[in-house]
Amino acid sequence: MIALLTRDLRLALRAGGGFGLGLAFFLILAVLVPLGVGPEPATLALIAPGILWVGALLACLLSLDRIFALDFEDGSLDLLATAPVPLEAVVTIKALAHWLTTGLPLVLISPVLGLLLFLPAEAYLWLILSLLLGTPALSVIGTFGAALTVGLKRGGLLMSLLVLPLYIPTLVFGAEVVSRGAQGLAVNTPLALLAGITAGAVALLPFASAHVLRINLR
Amino acid sequence: MASFWEYANPLKFMRTSDWLLPIVAVAAVVVTTTGLIWGFFFTPDDFRQGSTVKIVFLHVPAAMMAINIWVMMLVASLVWLIRRHHVSALAAKAAAPIGLVMTLIGLITGAVWGQPMWGTWWAWDPRLTSFLILFLFYLGYIALWAAIDDPDTGADLTAVLCLVGSVFAVLSRYAAIFWNQGLHQGASLSVAPGTRMDWAYKAPLYTCMVGFGLVFVALLLAGTRTEIRARRMKALVARERMA
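Protein chains in written order, with the working numbering: chain A, -7 to 210; chain B, 2 to 244.
Keep in mind that a hint or two might mislead.
SDA-like, lysine to any residue: derived pairs with alpha carbons at most 20 Å apart [to be verified]: (1) A:K145 <-> B:L140; (2) B:K55 <-> B:L140; (3) A:K145 <-> B:T154; (4) A:K145 <-> B:P152; (5) B:K203 <-> B:T44; (6) A:K145 <-> A:P26; (7) A:K145 <-> B:D151; (8) A:K145 <-> B:D153; (9) B:K55 <-> B:Y202.
FYI, nobody ran anything at the bench for these hints, they're computed from the structure.
All figures in this text were calculated on a predicted structure; none of them were measured in a lab.
Given the sequences, and given the hints that come with them, work out the whole structure.
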């Protein structure tokens, strides 16, 4: 399993350059929004939590099709499915690799983008914390979407249609944490709910993803 | 006593639905038109909302069916995943577009009603938001069906999507409630004592609800029959090609 994780990480880092794309997309979004909305610090500060969360979500979405598509094409997914490691574990490792290469860098870069969007100072901690808690859910849910559409031609657009509605609860609670933090309100409730969604998704969704993957490999 | 599971046999289903469909269809037309005409022309105007209140006879049944149809799809998906009855999977497939249209009717009549009453076509109210999200779930479900060629794979994948989607749809509903307090009133009908609606409205409303339910069953039977025939045709074409 660790071999699979290092393999996936290495592939993401060295081959194809998919690694930086999500980050670059996140950055471009944070540049485009002020250009579209106007440079007013007050306005930007108000919408910054939502923009950062939506940006993280879209950046995650962009890199989802890499999770299974290449392995499916060259047949290594079939090998993984017949390997002694249960497919549920493979799926979880894949989601973890996706999070390490997409979610975690997003978390790390988010304070810089918060700066660009005049995020209030007291919200930075909550921004990082909520992204840290929420992005694993995005990766796991995304893995499910990628598993659903793995065998399809033109699966990318369909996958966004399937995955984005599933992202709604995570987005609502995540953005709520940041905007409450920005206003200096208590963030316990949305933070706990966000953590709950992540815990539930990480615990249960790999089973659904593995089931779906088995159907697609049939 | 015939078991419900007998209808898992497509032949049996076709035979029964053959005589059942015209009856349900006629009943659906009669009950729905009765309810709507009764509701639109033979109920008094509301003392505050005037005649705009009458859109309730479209709005509430459609909204109710939109949710019920998703639940029906959930049950049908479970039946497919557990017992592998093809009719069940095809019924879920046939139900999705009907649910999509019901959701759309609920949203549009809501907007038309909201404009004079709330002064806005749309508000990011939890109920409205949940319905828009439900609409997206229907779209995703239908799109996944449309994207897959192999019917069994399609049935399996959409069934799992329906299960997972149901969990997230419920979560989204509570997220939406948490996210914003709304304009929309509470439940229009309730069995609790002291309900707010007079029988002059309730009777035609119930009629419309039954009518919409019958419309759904009629469309569902017709849609499922079409799906079964389409699959049979596919099998025949495949057999021709083999020979």
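Which earlier hints turn out false for this structure, listed by number in ascending order?
2 and 6
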